[in-house]
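Protein chains in written order, with the numbering used here: chain A, 1 to 350; chain B, 1001 to 1350; chain C, 2001 to 2350; chain D, 3001 to 3350.
Since the hints were made in silico from the structure, they are not lab data. One should not assume that every hint holds.
Mimicking BS3-like on lysine-lysine, the simulated pairs with C-alpha atoms at most 30 Å apart in a straight line are [to be verified]:
| no. | chain 1 | residue 1 | chain 2 | residue 2 |
| --- | --- | --- | --- | --- |
| 1 | C | Lys2162 | A | Lys81 |
| 2 | D | Lys3250 | D | Lys3267 |
| 3 | C | Lys2299 | C | Lys2270 |
| 4 | B | Lys1162 | D | Lys3081 |
| 5 | B | Lys1162 | B | Lys1081 |
| 6 | B | Lys1081 | D | Lys3081 |
| 7 | C | Lys2270 | A | Lys81 |
| 8 | B | Lys1081 | D | Lys3267 |
| 9 | A | Lys270 | A | Lys162 |
| 10 | A | Lys270 | A | Lys299 |
| 11 | D | Lys3270 | D | Lys3081 |
| 12 | C | Lys2081 | A | Lys162 |
| 13 | A | Lys299 | A | Lys267 |
Stretches of chain A that chain B covers, calculated by requiring three or more beta carbons in the stretch to come under 8 Å of a beta carbon on chain B [stated by the list, open to error]:
| no. | segment |
| --- | --- |
| 14 | 9-21 |
| 15 | 91-99 |
| 16 | 230-238 |
| 17 | 293-303 |
Over 10 Å on every C-beta distance to chain C, these chain A residues come out as not near it, computed from the model [to be verified]:
| no. | residue |
| --- | --- |
| 18 | Pro73 |
| 19 | Ala152 |
| 20 | His219 |
| 21 | Trp311 |
| 22 | His326 |
A virtual CB, placed ideally from N, CA and C, is assigned to each residue, including glycine.
There are 4 protein chains.
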Amino acid sequence: MFFASDNWAGASEPIMQALAQHNQGYSPAYGEDALTAHITQTFRDIFETDCDVWMVGSGTAANALALSCASEPGGAVFCHKDAHIRVDECGAPEFLSSGARMWGLDGRHGKLTPETIQQGFEEIPQGVVHHGMANAISLSQASEAGTAYSIAEIERISELAKQRDLALHMDGARFANALVSLDCSPAQMTWQAGVDMLSFGATKNGAWAAEAVVFFNRHLGRNFEYRRKRAGHLFSKMRFVAAQFDGYFKDDHWLDNARHANAMADKLVKGIETSPVAQLAWESQSNEVFVSLPHELAKRLEQAGAAFHEWPSNILARQDRPQAGHSLYRLVCSYRTREEDVQNFLRYLA
Amino acid sequence: MFFASDNWAGASEPIMQALAQHNQGYSPAYGEDALTAHITQTFRDIFETDCDVWMVGSGTAANALALSCASEPGGAVFCHKDAHIRVDECGAPEFLSSGARMWGLDGRHGKLTPETIQQGFEEIPQGVVHHGMANAISLSQASEAGTAYSIAEIERISELAKQRDLALHMDGARFANALVSLDCSPAQMTWQAGVDMLSFGATKNGAWAAEAVVFFNRHLGRNFEYRRKRAGHLFSKMRFVAAQFDGYFKDDHWLDNARHANAMADKLVKGIETSPVAQLAWESQSNEVFVSLPHELAKRLEQAGAAFHEWPSNILARQDRPQAGHSLYRLVCSYRTREEDVQNFLRYLA
Amino acid sequence: MFFASDNWAGASEPIMQALAQHNQGYSPAYGEDALTAHITQTFRDIFETDCDVWMVGSGTAANALALSCASEPGGAVFCHKDAHIRVDECGAPEFLSSGARMWGLDGRHGKLTPETIQQGFEEIPQGVVHHGMANAISLSQASEAGTAYSIAEIERISELAKQRDLALHMDGARFANALVSLDCSPAQMTWQAGVDMLSFGATKNGAWAAEAVVFFNRHLGRNFEYRRKRAGHLFSKMRFVAAQFDGYFKDDHWLDNARHANAMADKLVKGIETSPVAQLAWESQSNEVFVSLPHELAKRLEQAGAAFHEWPSNILARQDRPQAGHSLYRLVCSYRTREEDVQNFLRYLA
Amino acid sequence: MFFASDNWAGASEPIMQALAQHNQGYSPAYGEDALTAHITQTFRDIFETDCDVWMVGSGTAANALALSCASEPGGAVFCHKDAHIRVDECGAPEFLSSGARMWGLDGRHGKLTPETIQQGFEEIPQGVVHHGMANAISLSQASEAGTAYSIAEIERISELAKQRDLALHMDGARFANALVSLDCSPAQMTWQAGVDMLSFGATKNGAWAAEAVVFFNRHLGRNFEYRRKRAGHLFSKMRFVAAQFDGYFKDDHWLDNARHANAMADKLVKGIETSPVAQLAWESQSNEVFVSLPHELAKRLEQAGAAFHEWPSNILARQDRPQAGHSLYRLVCSYRTREEDVQNFLRYLA
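Starting from the given sequences, assemble the full structure and let the hints guide the process.
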């Protein structure tokens, strides 16, 4: 019953096989190998556009380096107040951008709204040197709360970004989970809706350490290669990242993994909805489920071997917080989650 | 005939096996797993001391983060003018330390001497705010030129460092190659000789992406964990680095790899010494060999499929530079280098 | 009728005289002159303790450099969401600290409360690398809203800071105005109440460009001299800053200036309280007055030559915002404000 | 006999008068005042072009902020190995540019040559991510050694800069001294010879704290305003800098000051040339004179009240170093140097 994080599973079999396959022979170092070129082309095929693609080893690196590309002196990035880039990356976006501010905005269930973005625009107006300048909006798709922006929502935010000449960044640590949830194409969920740059995550969905920054707006990423090296994120045996992506994309393995994780989350949701003691905190649109449980029950589950995290309820509006004696918990499914563990977990909630 | 770099080979078999073995099951993310703890203890056993150990994925990250730990405002690091940290890391040490200067000093064949360090002391005297302050000396063991410091040499430099209260850092991207060349213990080559912190490399010697920063002076590394995360170098599935180290250390695999690479380099040296056309540029004490070759011959070798790099001869003192019609070339052997390739290469030199 | 800012006046006469007086003769550069040493001692006398004192030329430099001294990798500074360091310094504290986050907290009328600080403690708990680490609390005395913390309030916040081992910083851009408002000693308002470091401002109160960072906790400022130089804030003719302080402190000129500015603000308050159209937004405890005025009236005042700024009402809790047709305005008095201008202004409000 | 530095004198009379004059009345803060606009126009008149002009308070700030404008990730600035930006600014250019490397090159008497620049080009070739990228060449005019580049020399270096698409920066801390020495126009010595940006110093030549960054290539400085504020270098009472420039430029006061200082240096040179014991180290083309003196004589001069600094002779090529028993000394004249002090000094050398 491992629902603590999609990071607790190792790498999936096809990815391990790809690693073994591409381990043969010699190959130029530092990303100048044929496999890296091939994977770059694969990204272009998948996204149906001539994007630039740079692979790195962690989601924090992908986000922080991407945002640094958009940041100018005194810069700020509008993001949700609970966004990973603001609260979970130890200041990496601020550090790698030499001081850009992650400007937290409100929004229910992890999602920015046009209204809260407008509020941000008032807080950092244009052309006032004292306030610095806003340079980007960053969305998490899926969000930290397991919800996903609809394409119309992304388009609306993109319009706002264009009005203020801001880059639109998507943190896609759980890109695949949102994609299969929306049932649309990668192009539709990104550049066709106005996204300029994407942190494309594979690690949480079955890889060891494989992330990519995808620039649909290629000008933004024009010196990314130098940023990556300067931050220590260019691997010498770069093909080991490319190899993971090879396994990830082959035969739609990535979509299968995401569909499985989401399906397991759906089963959790269904079980919670019929539970007399648990309450679904809000709708899930990915592989994350947030649930309000009595403390006693949570303790019993842990004793039974379930792994999952209590979640700070201050991410909720006051009126949405759990009732007395309950707390908020996060349950995350992964490509490896077994249905029997889900059923076992739900048995405690019945 | 692959002598371009020890980065061109993939991962060795025992390391691939360890990855597969530790891929089983769930495991806490972000380095809080049992395997990471086990590997930390292995390092302590190998170095015979209670050091702190932090794993990362690239040598540039290891060096730059380590040096940032010693850097104070206006800081400088004394290093050889050809040191990797100064010329080959795209300013990563400067960036991750928020501006420390890599202060290049002379020295034959890639090695600092007490005299050139003394010269550095004069260039950045103590207590003058305009000049900033020196914070560290960094040695590369083995050096960029394939040479190695003797233990007595390290001790002498350590004495100088102590005089000025400087941290002593060792860039051990090729630590194992130097170690087997000196035929001493890891403890002797590091903390017992006065080294405060070590970038311990495994990637060039058979891993995919596995490096560690080892703090013998634990105070220096007290907030390394935050530095690593802030720079995006904490992997979520951290055990994939630990697993590589597990395969690396098991049954002295790391020492075997290094011995093989050095032995192949020795064979190259022997062949060059008897060659009527090639000249050994200087003694090799690791897996790197520098040789002066006629341009024609170099071209012929490349046409025959040999991969190796011409090396800028400005790293040589003027009197040591290759004669007209010759250039300096670097030949690197790795754990994978085959003796038949060495013999084949030498046939062209005969 | 200049109420736009206390920065619109030039330097006061005693300060100009001190500049002329100390312009005579030669004097060592870069702060190694006798006058700088003398002023340092004057600070120690005024604060009744052996503090360290470093002069700079701008309040932003003072704040940002001071906070950088407390900042560790992944650091955060708790401050009011409207604090100057968070919204008015173009990211200088973030930049000069290499990425520390100014963590905005709520609080009525510009002041942090123990409750909102506690909330911050929950948002950045101790020992979780993902969230980084909190390093300091920063108070503005007087606050951006013209209010002042009582000594008991400072002490209470200091207790909280000690619990979490945070440095307590005071932004004293309007230190003198708060001091004469509280009618206490400089020592009482700072280190005796638990303040570790102070940005001591003179510019808004009659100097040209004279600020000082005062370290009561001297360990925090141990390498400030290098930080100041590294950021370009060490003046070669440093005595021109020291000279301003000489005029500032002589014969309690600084306290006279502040008392005058506060008295003028008091007269504005009195007039507003009896106005049938204007509403005092909240109590003033310094030289700043916030008032709600009908737009029409504000326009008429501007046409009559009054200079003052509309203030974003989003700094107010929703229930405190001005009624329809009104906006919030800030009126600032300085050492140079003339009583007749105050009376003239008030005539429009009657 | 004050020859220690041109920073030891205070401000000249016309500058003090301008400060007093512009102290009257109220004026918008943060550089939005009429005087700042007027001075900007004055710069354009003097340089006969539509440059952008940003005033700051220290030469280190001017240099470091200017260079940060040209710096990209992994950047490097070619400069003389003894350049102020490399050895005397405590790492400010590195810090404010987030890690750009000041890449020291050789050259006799403080001046870069086409040959040494070419050597730098080889050390940091284009398009190799490991080496980072060179972004600028920085010249000091006059140099740290008191010499000046001829216009032809500047043009030649500018050609090299254009070849590699590098910005050409001039550190003009002693701009006026070089200008009157060359007897050319400000336009000729800068943009007409290919200079992109200039640190224009007034402090050493009679101001308190007045420097400006002048962008002939306006694109380079497009967000300078934000850089200045973000580093704490925007003064609230900005007009106090503008006022100094008003006094500086009025009636060619700045040129008079520089001519006087250079003339005093010339007299020193003449005296040294006829001295039986002192040796002129090299030709002076500004207000700085470098001389080799017997230690005994230097000591006697100091006892007689002369202030001047011994200079590290490692700035000299080995063959140029002072003979045994002698050392190298720097003598600096300023607008305030009195002829009788020069004569008195020379009496000891006779």
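Lys2270 (chain C) paired with Lys81 (chain A) [C-alpha distance capped at 30 Å]: violated (41 Å)
Consistency of the no-contact label for His326 (chain A), given chain C and a CB cut of 10 Å: holds (18 Å)
Minimum Cβ distance from Ala152 (chain A) to chain C greater than 10 Å, as the annotation requires: At roughly 28 Å from the nearest Cβ of chain C, Ala152 (chain A) sits farther out than 10 Å, so the non-interface label holds.
Given coverage of the segment 9-21 of chain A by chain B, tested with a Cβ cutoff of 8 Å and a minimum of 3 residues: holds (count 6)
30 Å Cα cutoff - pair Lys270 (chain A), Lys299 (chain A): Holds, because 22 Å separates the two Cα atoms, which is no more than 30 Å.
Status of the stated non-contact between His219 (chain A) and chain C (beta carbon gap over 10 Å): Given that every Cβ of chain C is farther than 10 Å from that of His219 (chain A), nearest at about 23 Å, it holds.
30 Å Cα cutoff - pair Lys1162 (chain B), Lys1081 (chain B): holds (22 Å)
Pair hint Lys1081 (chain B) and Lys3081 (chain D), alpha-carbon separation not exceeding 30 Å: Satisfied, since the Cα-Cα distance of roughly 13 Å is no more than 30 Å.
Non-interface label on Trp311 (chain A), tested against every C-beta of chain C at 10 Å: holds (12 Å)
Stated coverage of the segment 230-238 of chain A by chain B [criterion: 3+ residues, CB within 8 Å]: holds (count 8)
Given pair status - Lys3267 (chain D), Lys1081 (chain B), alpha carbons within 30 Å: With Cα atoms ~42 Å apart, Lys1081 (chain B) and Lys3267 (chain D) exceed 30 Å; violated.
Straight-line alpha-carbon gap Lys270 (chain A) to Lys162 (chain A), limit 30 Å: Not OK: Lys270 (chain A) and Lys162 (chain A) at ~40 Å, beyond 30 Å, violated.
Violated hints, listed in ascending order, are 7, 8, 9, 17, 18; each of the other numbered hints is respected by the structure.
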